[in-house]
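Trainee: Single-letter residue listing:
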Amino acid sequence: MWLPRKVKEALIKNFFLVVAATSIFIILFIFYFLFTQASPAFEEFGLNIFSNNWSYSKEQYGLGAAIHGTIIVTIGAMLIAIPLGILSAIFLAELAPYRLRMILKPIIELLAGIPSIVYGFIGVLLLTRYLRDSFDMLSGYSYLAGSLILGVMALPIIISMSDDAIKAVPRAYKEASLAVGATKWETIKKITVPSAISGISAAVILGIGRAVGETMEVSLVLGNRMDIPIPPFDFFETTGTTLTALIVHDMGEAVGVQRNALFAAGVILFIIVAIMSISSNILRERIEKKFKGD
Amino acid sequence: MRLKEIPKSLKSSFMGYFSKENFEFIKLLYLISIIFCSIVAIIGFFSLAFSIYFGDNVVRFLLLVIALIFTYFVYYSFFVLKKRKQMIGLTIFTIIVYLLVYLLPLFPPKYGLRDYDVDASILKFVIVSISLVIVGVMGSSLTFRPRYRFTSKSKEKSAYYILIVSILLVLYPLIILISSIVTKGVGGISWDFLTMDVRKLGTEGGIYPCIVGSIFLMIGTAIVAIPLGVGCAIYLQEYARKGLITRIISICVDILQGTPSIVHALFGLAFFVPIFGISLLTGILTLGFLTLPIVIRSSEEAFRSVPQNIREGAYAVGATKWQAIRTVVLPPALPGIITGSVLGLGRAVGETAPIMFTAVYFFGAGVPNSLLDPIHALPYHLHELTKLIGYKEVTQNAWATAFVLLAIVLGMNAIAIIIRERFRVEF
Amino acid sequence: MAKKIETKMNVEKLNLWYDKNHAVIDVSMPVYKNKATAIIGPSGCGKSTLIRCLNRMNDIIPLCRVKGEVYLDKDNIYGKKTDVVEVRKKVGMVFQKPNPFPKSIWENIAYGCRIAGMRNKKKLNEVVEKSLKEAFLWEEVKDRLQDSAMGLSGGQQQRLCIARALAINPDVILMDEPCSALDPIATAKIEDLIRVLIKNYTVVIVTHNMQQAARVSDYTAYMYLGKLIEFGKTKQIFENPKEESTENYITGRFG
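Residue numbers (this note's numbering), protein chains in the order written: chain F, 1 to 294; chain P, 1 to 427; chain Y, 1 to 255.
Please note: incorrect hints may appear among the correct ones.
Said to hold, decoys possible - Pair ranges (Cβ atoms, derived): (1) P:L113 x F:Y32: 42 to 50 Å; (2) P:G55 x F:R171: 51 to 59 Å; (3) Y:S43 x P:E301: 30 to 38 Å.
Unchecked claim - Below, simulated DSSO-like cross-link-like pairs (lysine-lysine); rule was C-alpha separation at most 30 Å, straight line: (4) F:K190 x P:K321; (5) Y:K121 x F:K8; (6) F:K174 x P:K200; (7) P:K153 x P:K124; (8) Y:K97 x F:K174; (9) Y:K74 x F:K6; (10) Y:K122 x P:K321; (11) F:K13 x Y:K80; (12) F:K189 x P:K27; (13) Y:K123 x F:K8; (14) P:K321 x Y:K97; (15) P:K83 x P:K200; (16) F:K13 x Y:K67; (17) P:K155 x F:K105; (18) P:K83 x F:K184; (19) F:K8 x Y:K90; (20) Y:K233 x P:K321; (21) F:K167 x Y:K97; (22) P:K155 x F:K189; (23) P:K321 x F:K8; (24) P:K85 x F:K190; (25) P:K153 x F:K105; (26) Y:K199 x Y:K130; (27) F:K190 x P:K153; (28) F:K13 x P:K200; (29) F:K167 x P:K242; (30) F:K190 x P:K155; (31) Y:K103 x F:K13; (32) P:K321 x F:K13; (33) F:K289 x P:K242.
Calculated from the structure, these hints are not laboratory results.
Every residue, glycine too, gets a C-beta built ideally from N, C-alpha and C.
Please construct the entire structure, taking both the sequences and the accompanying hints into account.
Mentor: Spelled out as structure tokens, the structure:
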């Protein structure tokens, strides 16, 4: 190109700046469009949008039951994913010999790549039948089914990021501990894992974010009645749905205020997951500062 | 210890137990206990997983053996090792196992919870299987305590056993999932299946338009997400000063990455559908925004892995910034960028929600002729088939569809990983 | 008859700040043409920072502020109208840790010429051969120019980096502790190389090894805590230092 070099370089730099700025614009767009579609619902119902008052005939659209469902299913999933995930990450990072780790890590990544619809499919075909047999349930579609699979889906994120966090602990810390006569496990328990706790927390938060936002699997495997089960912590009830499943089920034919309410559900989801992502980011930055400062 | 050497060392320690000079009954018992408890755990696990019940008496026998072994351990720890305080856990465990043996026949086979408004019953064999697993795992783990004389090394071995159990539990669902899809799906695959149109709500015919639709979506998403993503990464890593703007962009990318797919779907519905209708283009744009942050993050990683002194080497010979990026930073970063992109595309291919309201029909769409036509896609097809299970004869086709989808997604992931390993540039 | 000593570069009242840290304080010194000038001093005295000013390599470090002038022939390289890329083509640099590009040996050497626009394959081959010969590396690699540069030993990689710098025909070659990552034999080869290079080029070398400075350079600058304490002919600095600080460093009382 015949342009003077300085001009050319400045043009290139600004070109990339514009490209990078599009990601800001995308987020703003998403926010804007979601809100404009959701605001009629907020206006109409105000805080009642959070109540458990969902009725098509009465044109009442309170999301309380769906919020309850999201919380329950996420808690159930985390009960499985957090202990198993962190323990497996410790195994992967500290205990597994090099060859084994090189095999297992890609396998975990494989687990992460399985589409959620496939989990839903397996859930319907295999898990519900199993739950019917094992727990004498009527249909098997329940929070229990949703949580079990959701837990498995959140595992790869937690394992992968926690493994990275544990591996990132500087060798100097571990060597110092071993040099004072601690066993490897004592070092792991008292030095390595506490040092990695920010990264592990970041991993857990991101896992929760994934669980909250998960759509297809829960929509297929839950009972999908828009109500809070009695008792509220009943994992076996067929009643129950999550924000995500609700949107998937009703969006096809929703019009008017119902549609706005579904967008409101989307906004709530967006905000929850955005908060999770930002917290996770802040935690990870804290790690960088902690280790670089040393 | 190398993996290959473990059988040899096991064999030699086993032989050691039988040699006259070195024979110690207690060491043999430790070994037996660990193996036996592990077997009990596995029996319990399989009984739970496959709903097989071996009968009260078998279970009681197994538990009794464990209880007896541990009684000996308690005695040994108390009188020989003389670790009075540390063996409390051991003692409690032994007592619990005895209680289980004693109380097992007293449990009713089924305890209904329907009176408590819970739609389930506690089946005896479930409780018993779970107990077997727990007893087996705890037993093995606890055996290490006296084995290593209740020192810190013993706690270490105990803990390691639990860690191994964890990773096995994690692998189990993966194995079940893949094996069942492969075994049940392969049967439905045929040349006809892959090349015929969707017929009769998916009960007959094939998935050809779904495969075509998914491929078009993937190509379109690549065109949208990869240039935009790599460009953004170049700016963030190479040009930008670490300031407010980069932080804001970084946070936005994080939020975008975490955004649930259903929210992307809503956005596509609200923004693109009014403009382009339900079409391939809408689907591509929606999926593109979903894939963008993945490409950005992995490209950033790739650029970050090029050490700074390589760039300095280029500057020192009179290269401009862009020349340096183009000739010396981009080439070694390319495998990382490609890996990330392929992984991102693999995810895009498997996504259902973003295309559900924006691009796909279950029947009637066929192969698209233009960007503005609606399409079929594999994940959505599977979704609809799953909903029809029980009402129509779609099960076989559903397994086959799942197989095709899984094969494509896992195939792409595998390619990405292979690219990363083969073409990695070591500095 | 003594040849007139020309000044190739001149540093005048140079100051540099890394954020709040005043790393180079009021340094003024000449760099004589076709001579080797060594910059010595204890760790952290600012010698690396100073040499990186001579080809404006510090520009890429954020929060770096420079005041003062550095003249290359008659032009201030920190002037407002100066094209930094052109400066770097005239003032080349070899770094402490060898940094060959992950490309073939041939591509490494040809790199500088290609980005400057040279396309003719024949000319490029000539340049590659000439540079490798000047860097005493040709015999060792002439049969494997297409092999990856990353496969060379540390000493060979550093000579490759020198050849790469020579390929664009600079006037000055800056060397920032070029031997500190190398073994003694590789070091000796490079020291010999420097004595040969000054016939055609001007060399500035930063080193923490005083014996090396004494062996290799004609002029020496001694820095301490960011200031230039003493500058003069190497013989004079080492045998008859004027400043007490210089003498303390030379005789090993600190640093």
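Trainee: Hints first: check each against the structure and report whether it holds.
Mentor: Hint check:
For L113 of chain P paired with Y32 of chain F, a C-beta distance near 48 Å keeps the hint of 42 to 50 Å intact. Distance hint check: the CB atoms of G55 of chain P and R171 of chain F are about 53 Å apart, consistent with the given range 51 to 59 Å. Take S43 of chain Y and E301 of chain P: their Cβ atoms lie about 33 Å apart, and the range 30 to 38 Å holds. Restraint check: the Cα-Cα separation between K190 of chain F and K321 of chain P comes to about 46 Å, which exceeds 30 Å; the hinted pair is violated.
This hinted pair checks out: K121 of chain Y and K8 of chain F have alpha carbons roughly 27 Å apart, not beyond 30 Å. Annotation: proposed proximity of K174 of chain F to K200 of chain P is violated, straight-line Cα distance about 63 Å (limit 30 Å). Note on K153 of chain P and K124 of chain P: the hinted pairing is violated, with a Cα-Cα distance of about 38 Å set against a maximum of 30 Å. Between K97 of chain Y and K174 of chain F the alpha-carbon distance is near 28 Å, which keeps this suggested pair within the 30 Å criterion.
For the hint linking K74 of chain Y to K6 of chain F, the alpha-carbon distance of about 23 Å falls within 30 Å, and the restraint holds. Note on K122 of chain Y and K321 of chain P: the hinted pairing holds, with a Cα-Cα distance of about 27 Å set against a maximum of 30 Å. With a CA separation close to 20 Å, the supplied pair K13 of chain F and K80 of chain Y stays within the 30 Å bound. In summary, the hint linking K189 of chain F to K27 of chain P is supported, as the alpha carbons are separated by about 28 Å, within the 30 Å threshold.
About 27 Å separates the Cα atoms of K123 of chain Y and K8 of chain F, which keeps this hinted pair within 30 Å; it holds. With a C-alpha separation of about 21 Å, the suggested pairing of K321 of chain P with K97 of chain Y holds against the 30 Å cut-off. At most 30 Å may separate the alpha-carbon atoms for a hinted pair to count; K83 of chain P and K200 of chain P exceed this at roughly 73 Å. A hinted pair counts as satisfied when its Cα atoms are at most 30 Å apart, and K13 of chain F with K67 of chain Y qualifies at roughly 26 Å.
With a C-alpha separation of about 26 Å, the suggested pair K155 of chain P and K105 of chain F falls inside the 30 Å cut-off, and the hint holds. A threshold of 30 Å between alpha carbons decides the hint, and for K83 of chain P with K184 of chain F the separation of about 23 Å falls inside it, so the pair holds. Restraint check for K8 of chain F and K90 of chain Y: satisfied, since their Cα atoms lie roughly 22 Å apart, inside the 30 Å limit. With a C-alpha separation of about 38 Å, the suggested pairing of K233 of chain Y with K321 of chain P is violated against the 30 Å cut-off.
Annotation: proposed proximity of K167 of chain F to K97 of chain Y holds, straight-line Cα distance about 27 Å (limit 30 Å). With a C-alpha separation of about 11 Å, the suggested pair K155 of chain P and K189 of chain F falls inside the 30 Å cut-off, and the hint holds. A hinted pair counts as satisfied when its Cα atoms are at most 30 Å apart, and K321 of chain P with K8 of chain F qualifies at roughly 11 Å. Only pairs whose Cα atoms come within 30 Å are accepted, and K85 of chain P paired with K190 of chain F is accepted, the gap being roughly 23 Å.
Restraint check for K153 of chain P and K105 of chain F: satisfied, since their Cα atoms lie roughly 27 Å apart, inside the 30 Å limit. Taking the CA atoms of K199 of chain Y and K130 of chain Y, the gap is near 15 Å; set against the 30 Å cutoff, the hint holds. With a C-alpha separation of about 15 Å, the suggested pair K190 of chain F and K153 of chain P falls inside the 30 Å cut-off, and the hint holds. A distance of roughly 55 Å separates the Cα atoms of K13 of chain F and K200 of chain P; the hinted pair therefore is violated under the 30 Å criterion.
With a C-alpha separation of about 26 Å, the suggested pair K167 of chain F and K242 of chain P falls inside the 30 Å cut-off, and the hint holds. Between K190 of chain F and K155 of chain P the CA atoms are separated by roughly 13 Å; this keeps the pair inside 30 Å, and the hint holds. Between the alpha carbons of K103 of chain Y and K13 of chain F the distance comes to roughly 26 Å, so the proposed pair stays at or under 30 Å and holds. A hinted pair counts as satisfied when its Cα atoms are at most 30 Å apart, and K321 of chain P with K13 of chain F qualifies at roughly 9 Å.
Between K289 of chain F and K242 of chain P the CA atoms are separated by roughly 15 Å; this keeps the pair inside 30 Å, and the hint holds.
Checked against the numbered hints above, the structure violates hints 4, 6, 7, 15, 20 and 28; every other hint is satisfied.
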